[in-house]
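> So the chains spell out like this:
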Amino acid sequence: MNRLQRQSFLGEGSEATLSTATIGIAGLGGGGSHAAQQFAHMGIGGYIPADPQCIDVTNTNRLIGGTLSDVKKGKAKVYITERLIRGLQPRARIHAVKGSWQAATELLKQCDLIIGAVDSFKEREQLERFARRYLIAYIDIGMDVHEIDHKAFLISGQVILSMPGCPCLRCCGLLTDERLEGEAKQYGAAGSRPQVVWPNGVLASTAVGLAAQLLTPWFPRPPEFTYLEYDGNKGTVSVSARVELLKGSICPHHPPDETGDPFFDIREHMKRQGKAGAGPRMRRWRSWLRGLTGRWEP
Amino acid sequence: MRLHFRITRALLDSVRIDLRRPHPFAHERVGFISAGLSAADEDVLIVAREYRAVLDEDYLRDPTVGAMMGAEAIRKALQWAMQDRLALFHVHTHGGQGLPGFSRIDLRENAKFVPDFLKVTPQCAHGAIVLSDNAARGQLGFDPRQPCMPIDSFAEIGAPIRKWRAA
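For the record, the sequence lines run as chains A and B.
Under this note's numbering, the first residue of the first sequence is numbered 1, with each subsequent residue one higher.
Under this note's numbering, the first residue of the second sequence is numbered 1, with each subsequent residue one higher.
These are computed hints drawn from the structure, not numbers from a lab.
Note that beta-carbon positions come from the ideal geometry of N, C-alpha and C, so glycine has one too.
Fair warning: there could be bad hints in the mix.
[Claimed, not checked] Partial pick of chain B residues on the chain A-facing surface, computed with a CB cut under 7 Å:
#, residue
1, Met1
2, Arg6
3, Ala10
4, Gly36
5, Ala40
6, Asp41
7, Leu45
8, Val47
9, Gln123
10, Ala125
11, Phe142
12, Ile157
13, Ile161
[Stated by the list, open to error] Listed next, with one range per pair, are the computed distances between beta-carbon atoms:
#, chain 1, residue 1, chain 2, residue 2, range
14, B, Arg104, A, Glu244, 44 to 54 Å
15, B, Glu72, A, Glu181, 43 to 53 Å
16, A, Gly235, B, Pro122, 53 to 63 Å
17, B, Pro122, A, Glu147, 58 to 68 Å
18, B, Ser103, A, Glu181, 52 to 62 Å
19, B, His27, A, Glu181, 51 to 61 Å
20, A, Asp177, B, Gln79, 55 to 65 Å
21, A, Pro220, B, Ile17, 20 to 30 Å
22, A, Asn2, B, Glu28, 42 to 52 Å
23, A, Glu181, B, Asp133, 42 to 52 Å
24, A, Pro217, B, Leu99, 12 to 22 Å
25, A, Val239, B, Pro63, 52 to 62 Å
26, A, Asn2, B, Pro122, 44 to 54 Å
27, A, Glu178, B, Asp18, 39 to 49 Å
Turn these sequences into a full structure, and let the hints guide you.
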């Protein structure tokens with residue numbers, strides 16, 4: 001009996017497609033941990049989870065897989081995620097990076113898709129720019145709780161699918177200079193922001209659904225761009241009015257001539273390789289070593 | 001070291017549409033795809049940027065091949081690669097379905113033009129792509145003293161994402 005037989009409607013060869021796919025997850029808090037769990041259930045084979053933080057007791061209201069025992073040990077969120085994935089996908093290719101996603105760019109470049117579950121607008125902008133530079137599909141998820149009146153709260157969030165050439169987070173109005181400037185001014189001043197588990201679950205599930213449409217052929221014409229707005233008070237996810245407004249528009253913020261690394265020099269790369277085309281034996285050895293160090297936990 | 005080529009579906013579709021246009025005398029059309037390069041661990045990513053067709057007047061009459069570019073077409077491409085520090089890929093299509101293959105003539109011509117491009121932009125690598133209607137194969141040269149290497153995998157970035165191994 002096959003663990004994934006009940007999702008065979010995803011299409012012929014979908015199990016192999018999912019198994020060979022690699023997904024980067026930047027941020028493993030409420031949103032990222034939820035997404036990682038669902039990708040593991042789905043049978044995704046490769047993961048680059050990145051997060052610099054260790055779990056603390058205030059994370060346990062939403063961090064999927066995190067336990068009070070992990071809090072006692074001060075376990076890193078990436079290793080909690082790795083454990084969560086391995087419980088379902090023991091042979092998954094996981095390169096867990098205990099650090100910011102910027103420390104994992106060499107690995108993230110190889111991803112088919114990156115999920116951004118980061119806290120700040122600045123990081124969102126950098127992550128999307130990175131994904132565009134290397135033609136990687138990017139799905140941004142985020143939620144916020146706003147106090148709108150004395151003891152009245154509004155829970156909102158968004159899921160944006162940002163594909164190269166299509167409208168970006170700036171086109172959507174999620175990223176603006178004002179927001180980035182405002183955030184920079186508040187840097188270091190803010191305390192922890194309110195977060196709860198169920199909106200993260202809704203947003204992560206929505207993102208995983210979009211990822212399934214991108215990776216498998218089950219849905220005839222999946223969107224190349226979408227902006228879904230979450231209203232946590234009503235419990236609804238709806239397509240933003242901006243999607244219709246941006247239909248057919250070409251993103252002016254990420255021109256195609258920005259792809260690749262402007263300072264890349266193939267001669268230097270080959271020098272670093274030792275000699276042209278290290279043999280398959282050497283590649284296997286390096287790959288094994290990477291896997292070993294990627295799984296190593298201090 | 002493995003080589004991975006990424007291109008958006010929109011760009012690839014526009015290349016295929018352009019290459020299908022009949023030419024006044026050549027049997028097929030050719031063009032160039034520019035790309036940025038990047039290291040990804042040991043591997044090299046080739047990330048496509050733009051397509052430029054070879055202009056009608058820059059073809060030579062040569063009945064022994066499907067299409068023959070003149071010196072002006074090569075000069076323009078060299079200029080483009082040098083000014084923008086780009087990797088350039090000569091592209092043509094064989095049509096049909098499935099993984100296409102380079103012909104003997106394709107391989108001979110690729111071996112001739114890649115070293116010229118490496119002279120003007122030795123920091124980049126250059127090569128050739130041959131398309132079918134639903135796949136592609138390619139090769140990349142980075143050292144004029146060595147033969148071109150096959151591109152290992154292609155990814156067509158659209159919804160859904162399509163990937164295929166090509167070597």
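> Which earlier hints turn out false for this structure, listed by number in ascending order?
20
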